[in-house]
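So the protein lines, in turn, are chains A and X.
For the first sequence, our numbering gives the first residue as 1, with consecutive numbering after it.
For the second sequence, our numbering gives the first residue as 1, with consecutive numbering after it.
It should be emphasised that the hints constitute simulated quantities derived from the structure, not laboratory data.
Treat each hint with caution, since some may be false.
Claimed, not checked - When the alpha-carbon atoms are kept at most 20 Å apart in a straight line, the in silico PhoX-like pairs for lysine-lysine are as follows:
{"hint": "1", "chain 1": "X", "residue 1": "Lys77", "chain 2": "A", "residue 2": "Lys45"}
{"hint": "2", "chain 1": "X", "residue 1": "Lys66", "chain 2": "X", "residue 2": "Lys45"}
{"hint": "3", "chain 1": "A", "residue 1": "Lys110", "chain 2": "X", "residue 2": "Lys45"}
{"hint": "4", "chain 1": "X", "residue 1": "Lys83", "chain 2": "A", "residue 2": "Lys24"}
To be verified - Pairwise CB distance ranges, derived in the manner of DEER restraints:
{"hint": "5", "chain 1": "A", "residue 1": "Gln27", "chain 2": "X", "residue 2": "Lys83", "range": "29 to 37 Å"}
{"hint": "6", "chain 1": "A", "residue 1": "Pro46", "chain 2": "X", "residue 2": "Gly10", "range": "16 to 24 Å"}
{"hint": "7", "chain 1": "A", "residue 1": "Asn22", "chain 2": "X", "residue 2": "Thr85", "range": "47 to 55 Å"}
Stated by the list, open to error - Quick partial rundown of chain X residues pointing at chain A, CB under 7 Å, derived from the structure:
{"hint": "8", "residue": "Leu47"}
{"hint": "9", "residue": "Asn62"}
{"hint": "10", "residue": "Pro63"}
{"hint": "11", "residue": "Pro107"}
{"hint": "12", "residue": "Asp109"}
{"hint": "13", "residue": "Gly114"}
{"hint": "14", "residue": "Leu116"}
In this text, all values refer to a predicted model and were calculated from it rather than measured experimentally.
Virtual Cβ for every residue (Gly too), placed ideally from N, Cα, C.
This is what each chain is made of:
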Amino acid sequence: DIVMTQSPDSLTVSLGERATINCKSSQSILYISNNKNYVAWYQQKPGQPPRLIISWASTRESGVPDRFSGSGSGTDFTLTISSLQADDAGVYYCQQYYTTPSPTFGQGTKVEI
Amino acid sequence: QVQLQESGPGLVKPSETLSLTCTVSGGSIRNNTYYWGWLRQSPGKGLEWIGSIYYSGSTYYNPSLKSRVTMSVDRSKNQFSLKLTSVTAVDTAVYFCATTSGYYLAPFDYWGQGTLVTVSS
């Protein structure tokens, strides 16, 4: 299985400041034939399921504020929250869906205000 | 918009079988776009994909759980189900049902609220 490793495990960011979360895959998840990176990002708040916020490394889902952005290619990916709002507190996960047999997730990064 | 709701016992004894059902509303389980999946989340292992099933009955299982997992679809009830046999304490987790679009290897776009299953005598 592809291992997804996130860093840091947690971070504390002031309101209005930038938050940056990194995710590294154990092998490339860039599919050369379509030039797509098979990585997604989720936000999870206590007592709720994860919410898909970014797919294909950089495509924001409908309704996701544009302060959230994803970047990276190959094995290294980043989720950036450009100006942190109180509602952004939670745990963020990356996920690869590149190869069989299993989609796998990072261990999560807790964002606190 | 598809909505999912898990149901099943919250307490299962060790060595017994965990059985959960996910009821789909706002869409048909026969929709050939969606794959229907189960995941779980525990403090020790984070988010783990258990398996996915297509409306036709094709299944895809996590190899680490494959020997104990069975998934099925009930088209008449718009539901899909999970059975996990021979459970132990390590199977204690919040279990989610979720969908992917186009293939089982895809982002999970719709999720149920999750149900806590505790394995204990």
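Against the structure, the hints come out as follows:
About 31 Å separates the Cα atoms of Lys77 of chain X and Lys45 of chain A, which puts this hinted pair outside 20 Å; it is violated. Simply put, Lys66 of chain X and Lys45 of chain X have alpha-carbon atoms about 17 Å apart, close enough for the 20 Å limit, and the pair holds. Of the pairs offered as hints, the one joining Lys110 of chain A and Lys45 of chain X holds, with about 16 Å between alpha carbons and a cut-off of 20 Å not exceeded. Of the supplied pair hints, the one linking Lys83 of chain X and Lys24 of chain A is violated, its CA atoms being roughly 33 Å apart against a limit of 20 Å.
Between Gln27 of chain A and Lys83 of chain X the beta carbon distance is about 32 Å. The supplied range of 29 to 37 Å therefore holds. For Pro46 of chain A paired with Gly10 of chain X, a C-beta distance near 19 Å keeps the hint of 16 to 24 Å intact. Here the CB-CB span from Asn22 of chain A to Thr85 of chain X is close to 38 Å, at odds with the stated 47 to 55 Å. Interface hint status for Leu47 of chain X: upheld, as the beta-carbon distance to the closest one in chain A is roughly 4 Å, under 7 Å.
For the restraint placing Asn62 of chain X at the interface with chain A, the shortest Cβ-Cβ distance is roughly 5 Å, inside the 7 Å limit, so the hint holds. A cut of 7 Å between beta carbons decides the hint on Pro63 of chain X: the least distance to chain A is about 5 Å, and the hint holds. Interface restraint check: Pro107 of chain X against chain A, minimum CB-CB distance 4 Å, threshold 7 Å, status holds. Because the smallest distance between the Cβ of Asp109 of chain X and any Cβ of chain A comes to about 5 Å, under 7 Å, the interface hint for this residue holds.
Look at Gly114 of chain X: its Cβ gets to within about 5 Å of chain A, closer than 7 Å, so that hint holds up. A hinted interface residue such as Leu116 of chain X counts as satisfied when its beta carbon comes closer than 7 Å to some beta carbon of chain A; here the least separation is about 11 Å, so the hint is violated.
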